[in-house]
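Take the position in the sequence shown, starting the count at 1, then add 243; the result is the number in our numbering.
No wet-lab data here; the hints were simulated from the structure. Be careful, since some hints might not be right.
[Stated by the list, open to error] In silico DSSO-like cross-links for lysine-lysine, where the CA-CA straight-line distance does not exceed 30 Å: (1) Lys415 x Lys561; (2) Lys553 x Lys500; (3) Lys690 x Lys379; (4) Lys504 x Lys415; (5) Lys380 x Lys571; (6) Lys504 x Lys379; (7) Lys553 x Lys488; (8) Lys379 x Lys326; (9) Lys500 x Lys380; (10) Lys561 x Lys690; (11) Lys634 x Lys380; (12) Lys500 x Lys561; (13) Lys488 x Lys690; (14) Lys507 x Lys553; (15) Lys634 x Lys415; (16) Lys380 x Lys488; (17) Lys504 x Lys326; (18) Lys690 x Lys415; (19) Lys326 x Lys488; (20) Lys379 x Lys507; (21) Lys700 x Lys561; (22) Lys326 x Lys690; (23) Lys500 x Lys571; (24) Lys571 x Lys553; (25) Lys500 x Lys690; (26) Lys376 x Lys634; (27) Lys326 x Lys500; (28) Lys376 x Lys500; (29) Lys326 x Lys380; (30) Lys379 x Lys500; (31) Lys380 x Lys553; (32) Lys376 x Lys571; (33) Lys571 x Lys415; (34) Lys571 x Lys700; (35) Lys415 x Lys326; (36) Lys415 x Lys700; (37) Lys504 x Lys380; (38) Lys561 x Lys571; (39) Lys500 x Lys415.
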Amino acid sequence: MKKLLFLGILSVLVFYNANNIHASELVSHTTSVSTVVAAEEGAAEAQHQLPDTIMVLPFIVLLLMIATGPLFYHHFWEHHYPKVSILLGLVTVLYYIFHLNDTHSLIHTSAEYISFIALLGSLFVASGSIYIKVDKKATPWLNVVLLFFGAILSNIIGTTGASMLLIRPFLKVNRNRIRAYQVIFFIFLISNIGGALTPIGDPPLFIGFLKGIDFFWFVEHIWYIWLPTVVFLLMIFYFIDSRNKDDANIPDDYSGKIEVKGSKNIIYLLIILLSVFLDPNVLSWVPSFEPVPIGIREIIMFGVMYFAYKNADDEVLKANEFDFEPIKEVAYLFVGIFATMIPALQLIAHEAHVMGNSLDAGIFFWSTGILSGFLDNTPTFINFLSAAMGKFGFDITQSANVLTIDHHHAMYLQAISTGAVFFGALSYIGNGPNFMVKSITERAGVKMPSFFAYMIKYSLPILIPTFLLIWLIVYMGAG
Numbered sequence: 244m245k246k247l248l249f250l251g252i253l254s255v256l257v258f259y260n261a262n263n264i265h266a267s268e269l270v271s272h273t274t275s276v277s278t279v280v281a282a283e284e285g286a287a288e289a290q291h292q293l294p295d296t297i298m299v300l301p302f303i304v305l306l307l308m309i310a311t312g313p314l315f316y317h318h319f320w321e322h323h324y325p326k327v328s329i330l331l332g333l334v335t336v337l338y339y340i341f342h343l344n345d346t347h348s349l350i351h352t353s354a355e356y357i358s359f360i361a362l363l364g365s366l367f368v369a370s371g372s373i374y375i376k377v378d379k380k381a382t383p384w385l386n387v388v389l390l391f392f393g394a395i396l397s398n399i400i401g402t403t404g405a406s407m408l409l410i411r412p413f414l415k416v417n418r419n420r421i422r423a424y425q426v427i428f429f430i431f432l433i434s435n436i437g438g439a440l441t442p443i444g445d446p447p448l449f450i451g452f453l454k455g456i457d458f459f460w461f462v463e464h465i466w467y468i469w470l471p472t473v474v475f476l477l478m479i480f481y482f483i484d485s486r487n488k489d490d491a492n493i494p495d496d497y498s499g500k501i502e503v504k505g506s507k508n509i510i511y512l513l514i515i516l517l518s519v520f521l522d523p524n525v526l527s528w529v530p531s532f533e534p535v536p537i538g539i540r541e542i543i544m545f546g547v548m549y550f551a552y553k554n555a556d557d558e559v560l561k562a563n564e565f566d567f568e569p570i571k572e573v574a575y576l577f578v579g580i581f582a583t584m585i586p587a588l589q590l591i592a593h594e595a596h597v598m599g600n601s602l603d604a605g606i607f608f609w610s611t612g613i614l615s616g617f618l619d620n621t622p623t624f625i626n627f628l629s630a631a632m633g634k635f636g637f638d639i640t641q642s643a644n645v646l647t648i649d650h651h652h653a654m655y656l657q658a659i660s661t662g663a664v665f666f667g668a669l670s671y672i673g674n675g676p677n678f679m680v681k682s683i684t685e686r687a688g689v690k691m692p693s694f695f696a697y698m699i700k701y702s703l704p705i706l707i708p709t710f711l712l713i714w715l716i717v718y719m720g721a722g
């Protein structure tokens with residue numbers, strides 16, 4: 244039971260233990276696909292002095308302002324959040340440049356941010372150019388079917404792709420009975436938990452695939468956790484949704500048809516999906532532009548964004564009430580988040596490796612998960628996977644070692660993978676599509692809970708007991 248204390252004190256350890264670290268102690272920071280693989284090859288990896296723990300403060304301040312701004316100083320926040328995000332990010336950037344003399348971490352974080360925005364932006368525009376109309380009466384059962392379908396689709400076109408494609412039709416089909424909890428379960432199931440079965444589903448799993456894990460390993464080892472979790476959450480949703488009533492003033496006339504307009508833009512979604520694999524460290528013929536933090540993949544995605552919008556049907560854009568405000572909001576906020584979380588990720592990486600030998604599979608599940616709920620789940624995944632492999636004397640830079648741990652210590656890899664994907668639903672910033680779905684929903688006129696209300700009313704009372712059941716059944720005492 245003492246190990247369980249790790250869950251409560253990990254953040255404290257990050258803030259306080261690092262004060263005892265000498266300036267000569269080193270840590271590597273790998274965040275994007277290119278970063279991780281390049282670090283393995285030793286081509287671009289550099290080691291850096293750990294940042295002062297006080298430098299986690301800009302991230303905490305930004306997080307608190309995202310949570311409190313819309314509630315307590317809405318007018319200021321609405322007009323100035325881009326400036327706040329950029330200024331707090333600059334604090335961290337200047338610290339790394341002038342105090343740590345570390346541009347390596349900044350370049351790799353820039354590459355990750357550009358990849359993040361390229362993916363979200365291209366999917367946002369491509370999906371916004373497709374109009375899906377489900378002309379059926381909204382019922383709890385229909386919503387369950389839509390959510391389950393979306394959870395499966397998340398493994399085919401990713402949580403971001405499925406979220407962007409389905410959120411508008413989901414809102415429209417429920418227009419006479421839409422409530423915030425419906426969107427929140429959409430975030431739970433489609434934007435996060437759904438994508439745990441394939442490397443395409445969520446970025447951390449794709450990193451695992453690049454490191455040598457078999458493409459079908461995830462579905463083989465996670466489906467029996469994924470399916471009960473999805474069904475359990477759908478049961479809770481059905482129970483709540485059954486008590487939701489339609490607006491009595493709306494006429495009950497539905498054709499029962501499903502209509503798709505702009506289907507030609509599905510080809511853009513396929514191009515985006517295929518471009519994910521266009522990495523010079525995956526395919527040797529793909530050119531690398533290092534140290535420039537952009538590659539062929541991002542150029543293709545930005546190109547898709549341009550051409551999908553240019554060639555979109557105006558009627559489809561109007562029907563989807565399409566504009567660029569949601570992606571602009573995400574771009575501004577996450578540029579600050581990506582910059583300010585660099586110190587937190589580096590300190591966590593250090594603590595994970597220091598404490599790795601004393602952690603079992605259950606602790607890896609909780610620690611990877613909780614941190615993924617507030618930080619980028621890709622570096623969190625890779626740091627805890629590295630710590631788990633070190634526990635058994637393996638080196639994460641060797642593909643053969645990765646194959647060994649996924650065969651002989653599969654419980655650890657499963658726990659880290661499940662935690663990284665499932666816990667992304669814990670907060671609005673836990674995964675990229677979460678904030679995008681929130682923004683699109685609010686622009687459609689639906690009032691969404693604040694950052695803290697989302698957690699207090701929904702994610703903590705619903706998800707944490709669900710994850711506790713997973714721990715009790717699968718991981719308690721394992722390893």
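For lysine 500 and lysine 380, compute the direct alpha-carbon distance and say whether it is at most 30 Å. Holds, at roughly 10 Å.
Measure nothing beyond the straight line between the CA atoms of lysine 326 and lysine 380; if it is 30 Å or shorter, mark the hint as holding. violated, 44 Å
Hinted pair lysine 380 and lysine 553, Cα distance within 30 Å: violated, 34 Å
Just to be careful, I want the Cα atoms of lysine 500 and lysine 415 compared with a cutoff of 30 Å; is the pair within it? holds, 14 Å
Check the hint pairing lysine 504 with lysine 380 against an upper bound of 30 Å on the C-alpha distance. holds, 20 Å
For the pair we were handed, lysine 571 and lysine 415, check the Cα-Cα distance against 30 Å. holds, 23 Å
Taken at face value, is the distance from the CA of lysine 500 to the CA of lysine 553 at most 30 Å? Status holds; Cα separation ~29 Å.
Within a Cα-Cα threshold of 30 Å, do lysine 380 and lysine 488 meet the stated pairing? Roughly 12 Å separates the two Cα atoms, so the pair holds.
Need the status of pair lysine 690, lysine 379: alpha-carbon distance at most 30 Å? Roughly 24 Å between the alpha carbons, so the hint for lysine 690 and lysine 379 holds.
Take the C-alpha atoms of lysine 376 and lysine 634, compute the straight-line distance between them, and say whether it is at most 30 Å. violated, 51 Å
When you check the alpha-carbon spacing of lysine 415 and lysine 700, does it fall within 30 Å? holds, 24 Å
Holds or violated: lysine 571 with lysine 700, Cα cutoff 30 Å? Holds, at roughly 28 Å.
Of the numbered hints stated above, those contradicted by the structure are hints 5, 7, 8, 11, 15, 17, 19, 21, 23, 26, 27, 29, 31 and 35, listed in ascending order.
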